[in-house]
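Student: With these hints in hand, go ahead and build the complete structure from the sequences.
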Amino acid sequence: MSKTDLTRRGVLRTGAAGIGALATPVIFTGAATAASHTGFTNAPTGRNVTLGFNVPQTGPYADEGADELLAQQLAVEHLNGEGDGGCLNTFSSKALRGNGILGKKVTFVTGDTQTKSDAARASAKSMIEKDGAIMINGGSSSGVAVAVQGLCQEAGVIFMAGLTHANDTTGKDRKANGFRHFFNAYMSGAALAPVLANEMGRDRRAYHLTADYNWGWTQEESIVASTEALGWETVETVKTPLASTDFSSYITPVLNSGADVLVLNHYGGNMVNSLTNAVQGFDLLSKQVNGKDFKIVVPLYSELMATGAGRNIKGVLGSMNYNWQLPNNGSKAFVRSFGEKYGKPPSNSAQTCYAQVLLYADAVERAGSFNPCAVVEALEGFEFDGLGNGKTLYRAADHQCFKDVLVVRGAENPKSAYDTLEIVEITPVAQVTYPPDHAMFGGRSATLGSCNPGA
Amino acid sequence: MDSIILQVLNGLDKGAAYALIALGLTLIFGTLGVVNFAHGALFMIGAFCAVFLQRVLSYSRISIDESQKDFLGNPLKVETPFVEIWFGPDVGGSIVDWSVPLAILFAIPVMIAVGFAMERGLIKHFYKRPHADQILVTFGLAIVLQEIIKYFYGANPIPTPSPEAFIGSYDFGVMLGFDANRIIYPYWRMIYFAFAMVLIFGVFAFLQFTTFGMVVRAGMADRETVGLLGIDIDRRFTIMFGVAAAVAGLAGVMYTPIVPPNYHMGMDFLVLSFVVVVVGGMGSLPGAVLAGFLLGILESFASTTWATTTLPGINQIIIYLVAIIVLLTRPRGLMGRRGVMEE
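Chains as they are written, first to last, in the numbering used here: chain Z, 126 to 580; chain B, 19 to 361.
Simulated from the structure, these hints should not be mistaken for lab results. There could be a bad hint or two in this list.
One-sided excerpt, in silico: chain Z residues whose CB lies under 8 Å from chain B [what the hints assert, rightly or not]: (1) K412; (2) V414; (3) L429.
For each label pair, taking beta carbons as the anchor points, the in silico distance ranges come out as [claimed, not checked]: (4) B:V26 / Z:A354: 38 to 44 Å; (5) B:M193 / Z:K417: 20 to 26 Å; (6) B:G91 / Z:T558: 30 to 36 Å; (7) B:R73 / Z:K297: 28 to 34 Å.
Going by beta-carbon spacing under 8 Å, a handful of chain Z positions derived as facing chain B [what the hints assert, rightly or not]: (8) P185; (9) A187; (10) T359; (11) Y543.
We treat Cβ as the ideally placed atom computed from N, Cα and C, and that holds for glycine.
Tutor: Structure, rendered in structure tokens:
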């Protein structure tokens, strides 16, 4: 039988020594981490680097968010040298080699924006502070993009926006740490106007129904400006509550207004419902007004909206950032990679997220650093090709991508569930380019500010 | 004048939807005394009965067409609905085309079963609990139901068109001596209004002219006394819950060609329907119908350009404004009964 001499003093001494021994490596590790964190937020110290994908996983845009997430996961695979490499094979920059970013394996965490600015900020904050995300990407709303972009600027990480179409994102709310690959409302107007003139003539009277929030206002402003420049008259601009589901009481006044074109500045569920009401219900497309066929325009299309609206989109013109039917090599490589993995073609929100992740990784490689200020410098004025949209420029003055814009139309006879939209015209970039101090983009008072590396 | 007529027509079909949902809601409140926040979810489930049937009827045989390519360049998979194979393209196509009206027959037993399951499985345990508990549990149930639907059908709206024969609109203006296209109104909305009227009068007739309805009405007035007469009033109230669920579900089925259904559509209607019930008077069936139409028409007029220019934002607050005015001047609502929700 053994005897143990347990005394109060002995226990305290042993305990203190033990705690000290356990604490020592923690203190040293902490000191080492602190040393390598100097300079910028979430500098990667181990063998991995973490990206934060902030997409709507719940709420009305959850399907769009799911598509974005698929593309982001695919981008991570390609960066880590898995799969067929996708656009790494067609990207004009050859800095990416499929060995992660700067030799570090890419991992990711996800957040749910819920398509609410406060929830999106909270999820981005959590990914930055708790998970150590060094870059945030994704989203399906301009309100969310502006809110998260502001947060990333404060936190000192890079924000590579997802689907955001309002002029303000790279207009009055532009930030040095934020970058937008997606096109904007001004570009939609500039691309659509000549096609509208061609197909509908210059003597038209337009009636606008506009979702009553920031994106709707900038879209309306852009389309009104571009169509009035054509010679069209704007009969009325009516704001509709974002929560509206039945638009009949907004559509009936169109009939008596003398307008012969209805412009639906709506997105998502709003667009699906208003277009369904106008076409299937009130049968506007079969009417004749002012001796002309009545027309409807949806300035911003997405594949999911087209699916939701069903046959009501037939013949209706709109614009897109990207469509899987684009015949260039970058697009073909991306569609093949995405399609073989997921069994469907990518949406334009998926493509913008995929491109943004690769663009960020490429900028880090070219800069040779994860430091956000080095990344900003590498992205500013960067010209590239091979990611699906053709030749593209990341303009230094406002961090907006400039590339060709697609004018599309609801297909008359789709062969499958995926070709509901057909490309009418690829509008050259020169036609949609504007000066950085354009009045719709905050004028001369809009500035990027300084890059913030955080830490 | 033409725009006034148009907004009245708009208000009638909008009001018909409000009235149908509020009717079921107030029926449940009047019989079981339960504030059912899952009632909007019943409307949504009804709509998805139409989606489900449409998908079942469109279930297809897949054949490979070598002459066409899919997005990956592989031979295209062509889908042909089995009903078209079995009955020929014309008859089969018509069956698919008429999926929404056919869904009425499908939705009735489904919705009654859902109503029974909801009442027997969960809500009956909360009869004697405070209204706050009932609201919490039914609201939670509504969220669970909508997430189940989202899991199976996604978040995106699903196009569920009316039969081809009812697409388009009727020109009332020409009939009334106006120019063409001044007062047009969609066929399906007219059908929706007529359907709502039949359903509303059907429910009233059921309660007014049947022995079952008489017992239910007696139970609504004095549950204890009816129970003392040896009548199993609880069983009848459970059946009424099923009836209310079916009314909400049918309202949902018929609404799908107006607004493509999505998992959240029940919540969009829920708050409005509660306002309708409160304005009409808690537990009052005629009050719910009257308030539904009244608020539908007012909402339509508040959405006119003239109204929104004169009072910006009036379209978003009109219903709540009316609710405040009614509650200040008639606290029991337009046709509320003494003693209901007053203890």
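Student: Indicate, hint by hint, whether the structure satisfies it.
Tutor: Results of checking the hints against the structure:
1. K412: Nearest chain B Cβ about 6 Å off; hint holds.
2. V414: Given a least distance of 7 Å, the restraint on Z:V414 holds.
3. L429: holds (5 Å)
4. B:V26 / Z:A354: 38 to 44 Å: holds (39 Å)
5. B:M193 / Z:K417: 20 to 26 Å: holds (25 Å)
6. B:G91 / Z:T558: 30 to 36 Å: Distance hint for B:G91, Z:T558 holds at roughly 34 Å.
7. B:R73 / Z:K297: 28 to 34 Å: violated (46 Å)
8. P185: holds (6 Å)
9. A187: This hint holds: Z:A187 lies near chain B, its Cβ roughly 4 Å from the closest one there, short of 8 Å.
10. T359: violated (13 Å)
11. Y543: Nearest chain B Cβ about 6 Å off; hint holds.
In the structure shown, a violation is registered for the earlier hints numbered 7 and 10, in ascending order.
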